[in-house]
Amino acid sequence: MAEIRTEEMLMNVGPQHPSTHGVLRLVVKLDGETIVDVDPVVGYLHRGTEKLAEDLQYTQIIPYTDRMDYLAAMLNNYALVHAVEEAMELQIPERAEYLRVIVMELNRIASHLLFIGAYLLDLGAMSPFLYVFQDRERILQLFNEICGARITYNYMRIGGVKWDAPPGWIEKVQQFVPHMRESIKMLHDLITGNEIFLNRVKGIGAYDAETAIAYSLSGINLRCTGYKWDLRRNRPYSIYDRFDFEIPVGKNGDCFDRYILHLEEMEQSLRIVEQACGQIPEGPVMGKVPKILRPPAGEYYSGIEGARGELGVYFVSDGKDKPYRLKFRRPSFVNLQLLPSLLKGQNMANLIAILGAVDIVLGEVDC
Amino acid sequence: MPFFQWVNDALTWGTLFRMLLGGIIVLLFLLGVVAYMLYFERKIIGWMQLRIGPNRVGPLGLFQSIADVLKLLAKEDIVPAQADRPLFLIAPIIAFVPSFVVIAAIPWTASHPFTADISVALLYYLALSSITILGIMLGGWASNNKYSLLGGMRSAAQMISYEIPLGMSLLGVILMAGSLNIVDIVEAQRRFMWFIIPQFLGFCVFIVAATAELNRTPFDLPEAESELVAGYHTEYSGFRFAFYMLAEYLYVFAISCLGAALFFGGWSGPLLPGWLWFAIKVSAFIFFFFWLRATMPRIRVDQLMTFSWKVLLPLALVNIVLTSVIKYWVNAG
Numbered sequence: 413m414a415e416i417r418t419e420e421m422l423m424n425v426g427p428q429h430p431s432t433h434g435v436l437r438l439v440v441k442l443d444g445e446t447i448v449d450v451d452p453v454v455g456y457l458h459r460g461t462e463k464l465a466e467d468l469q470y471t472q473i474i475p476y477t478d479r480m481d482y483l484a485a486m487l488n489n490y491a492l493v494h495a496v497e498e499a500m501e502l503q504i505p506e507r508a509e510y511l512r513v514i515v516m517e518l519n520r521i522a523s524h525l526l527f528i529g530a531y532l533l534d535l536g537a538m539s540p541f542l543y544v545f546q547d548r549e550r551i552l553q554l555f556n557e558i559c560g561a562r563i564t565y566n567y568m569r570i571g572g573v574k575w576d577a578p579p580g581w582i583e584k585v586q587q588f589v590p591h592m593r594e595s596i597k598m599l600h601d602l603i604t605g606n607e608i609f610l611n612r613v614k615g616i617g618a619y620d621a622e623t624a625i626a627y628s629l630s631g632i633n634l635r636c637t638g639y640k641w642d643l644r645r646n647r648p649y650s651i652y653d654r655f656d657f658e659i660p661v662g663k664n665g666d667c668f669d670r671y672i673l674h675l676e677e678m679e680q681s682l683r684i685v686e687q688a689c690g691q692i693p694e695g696p697v698m699g700k701v702p703k704i705l706r707p708p709a710g711e712y713y714s715g716i717e718g719a720r721g722e723l724g725v726y727f728v729s730d731g732k733d734k735p736y737r738l739k740f741r742r743p744s745f746v747n748l749q750l751l752p753s754l755l756k757g758q759n760m761a762n763l764i765a766i767l768g769a770v771d772i773v774l775g776e777v778d779c
Numbered sequence: 007m008p009f010f011q012w013v014n015d016a017l018t019w020g021t022l023f024r025m026l027l028g029g030i031i032v033l034l035f036l037l038g039v040v041a042y043m044l045y046f047e048r049k050i051i052g053w054m055q056l057r058i059g060p061n062r063v064g065p066l067g068l069f070q071s072i073a074d075v076l077k078l079l080a081k082e083d084i085v086p087a088q089a090d091r092p093l094f095l096i097a098p099i100i101a102f103v104p105s106f107v108v109i110a111a112i113p114w115t116a117s118h119p120f121t122a123d124i125s126v127a128l129l130y131y132l133a134l135s136s137i138t139i140l141g142i143m144l145g146g147w148a149s150n151n152k153y154s155l156l157g158g159m160r161s162a163a164q165m166i167s168y169e170i171p172l173g174m175s176l177l178g179v180i181l182m183a184g185s186l187n188i189v190d191i192v193e194a195q196r197r198f199m200w201f202i203i204p205q206f207l208g209f210c211v212f213i214v215a216a217t218a219e220l221n222r223t224p225f226d227l228p229e230a231e232s233e234l235v236a237g238y239h240t241e242y243s244g245f246r247f248a249f250y251m252l253a254e255y256l257y258v259f260a261i262s263c264l265g266a267a268l269f270f271g272g273w274s275g276p277l278l279p280g281w282l283w284f285a286i287k288v289s290a291f292i293f294f295f296f297w298l299r300a301t302m303p304r305i306r307v308d309q310l311m312t313f314s315w316k317v318l319l320p321l322a323l324v325n326i327v328l329t330s331v332i333k334y335w336v337n338a339g
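Taken in order, these protein sequences are the chains called R and V.
Converting from the first sequence to the working numbering requires adding 412 to each position, the first position being numbered 1.
Converting from the second sequence to the working numbering requires adding 6 to each position, the first position being numbered 1.
No wet-lab data here; the hints were simulated from the structure.
This one's a predicted model, so the numbers in the text were calculated from it and none came from an experiment.
Think of the CB as a built atom: it goes at the ideal place given N, C-alpha and C, for glycine as much as any other residue.
One or more of the hints may lead you astray.
Here are some chain R residues the structure puts well away from chain V; computed CB gaps all over 10 angstroms [stated by the list, open to error]:
1. Tyr456
2. Lys700
3. Gly731
Sample of chain V residues at the chain R side, in silico, Cβ under 7 angstroms [claimed, not checked]:
4. Pro303
5. Arg304
6. Ile305
7. Arg306
8. Met311
9. Thr312
Please construct the entire structure, taking both the sequences and the accompanying hints into account.
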């Protein structure tokens, strides 16, 4: 029998594609529906934040961080202000620390919610996307009340936070917690047991802890392999050592573990929010900081547990009011590096499942 | 209604005119059905997703579909420069015509004025509906777009694979009724009972295979939006796109009619007139398909094939054997 001549097909997935979550471009080499090679092309959303920061005073950089991971801007805010505060050894008022923790954990929940919705949308289920938006909306409303913005908050300042919580805000957050627990239960009922969903994510895109560490993965992408590493626990910053919460870890390192960890982390975040709301003291929300911030000359790095992994800020100060060099360690960008090796040999349908589970935000990848 | 008893008449200018008139009436009726099916779908899914659904055009958004169709009509008919032009132009028509033609075999009421009383109606349905696959495949191929090609090939593979269990699942009903004529099958159910009870296994296979055959969620791989952008109709716009959509929704209607007629006793039911019973049953089917769309994620392409060949087909065959054996016993005893 004569051999049938087959050809490999080069397909351009993105930058305008419904499932690349923004402007990621994947040049996919296909053999039938099997992926032979993938070449991710990033940079379509590059805005030069790091370079711009060199011309800005430290406080002026904060709104730029909002635009990196626009789904978890509170955490970005914190990553920057925390790095500067560490460098200058500033004292932060207690109330400000609590407010920060509350908004950060709420933002983590909002970000994880959107992951669940978008991931299920990628896998063809429409409804969860709209359900999670309801809960996310409540969180955004809370943010709107505390800082007047829904996405780009610009809430934190070096030395504290910009606004105190309006009267009744803490109570609203406390009311939100049980509501959110119900919602998580509903999401479990709707999605977690679905046979079609399980077939699409169980055992797909699996890697082990060794690979994850070799690729410098962090966050859920690392914890899904069973490696217990969470900066809130392992290198406590802010006041995280005061709260009682667990670090959920996966077992198999597959897409399902990554999905389920998002839900479990939301529950842990709720626990932190609940405790923080109970313990929050009265007092000022802005510490005593100099008018012009000049960190002493030197190199500084501090990492926090972002919604997607270790969100690090490294900067070099030459003693002036602007950084000499500022570098963001964006977890999405680092986590994306594993993608090509995960995708080889998979079929087109798995591409979406695997890419979605890596949970990238293009604003953060390109920065 | 003697006016529409044209099937047995000789072909004269008069009968030809009456045929055309009947055809146009059915066509307009079906266009209305499809328009309101779209509306129904968007409302239902909207409510399930805590949204309102269309509510701007006309009272309660009732004219939304009409506005959409008008918009599609007014749009430019784009043919990509690199497309295979003749095939590209004809493919939507190939996909769309059979979807109208199959409806001729559906008995809507006991007197069925519009129905071609074909003695092999089921065979006719299956045979014609498979022509649509050709239209979809051609459309995917002729677009000269990689997403379209993948979508078209997936469609072809999927629809051919699921046509077999679909046909097999109907065999049980045919065995029980002893006829391929849908009218006879409905009559047989009136004498005996709705075939959903004795043919439950067959019905399960039927409903799954039908969903896949219709390319609806969870089997909507050909137009898997998140992977293939829009699948085989990525390059289509304007009225050619509308043709594909029309074909898709007409098949939803046709399969629902088939399901209602074969498993739920068609037009038969107490009190209410036959056409209303039929409409209720068909609507329930249509609702079921929309409900699925709001609930399910999409199945993966290789799992889809495995499911058809390794699960559905054996089940359908088991159903046929069981039905035959039981029927033999009953007849013998």
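So, going through the hints one by one against the coordinates:
For tyrosine 456 (chain R), the non-interface assignment is confirmed: its Cβ lies about 18 angstroms from the closest Cβ of chain V, beyond the 10 angstroms cut-off. At the 10 angstroms boundary, the C-beta of lysine 700 (chain R) stays outside the reach of chain V, the nearest C-beta of that chain being 47 angstroms off. Every CB of chain V is more than 10 angstroms from the CB of glycine 731 (chain R) (nearest about 51 angstroms), matching its label as outside the interface. Checking proline 303 (chain V) against chain R: minimum C-beta separation of about 4 angstroms stays under 7 angstroms; hint holds.
For arginine 304 (chain V), the shortest C-beta to C-beta distance to chain R is roughly 3 angstroms, which falls under 7 angstroms, so the interface hint holds. A least Cβ separation of about 5 angstroms between isoleucine 305 (chain V) and chain R falls short of the 7 angstroms threshold, and the interface hint therefore holds. Against a cut-off of 7 angstroms between C-beta atoms, the interface hint on arginine 306 (chain V) holds, since the closest Cβ of chain R lies about 5 angstroms away. At its closest, the beta carbon of methionine 311 (chain V) sits 11 angstroms from a beta carbon of chain R; the interface hint therefore is violated under the 7 angstroms criterion.
Annotation: interface hint on threonine 312 (chain V) violated; nearest CB of chain R at approximately 10 angstroms, more than 7 angstroms.
Hints 8, 9 from the earlier list are contradicted by this structure; the remaining hints agree with it.
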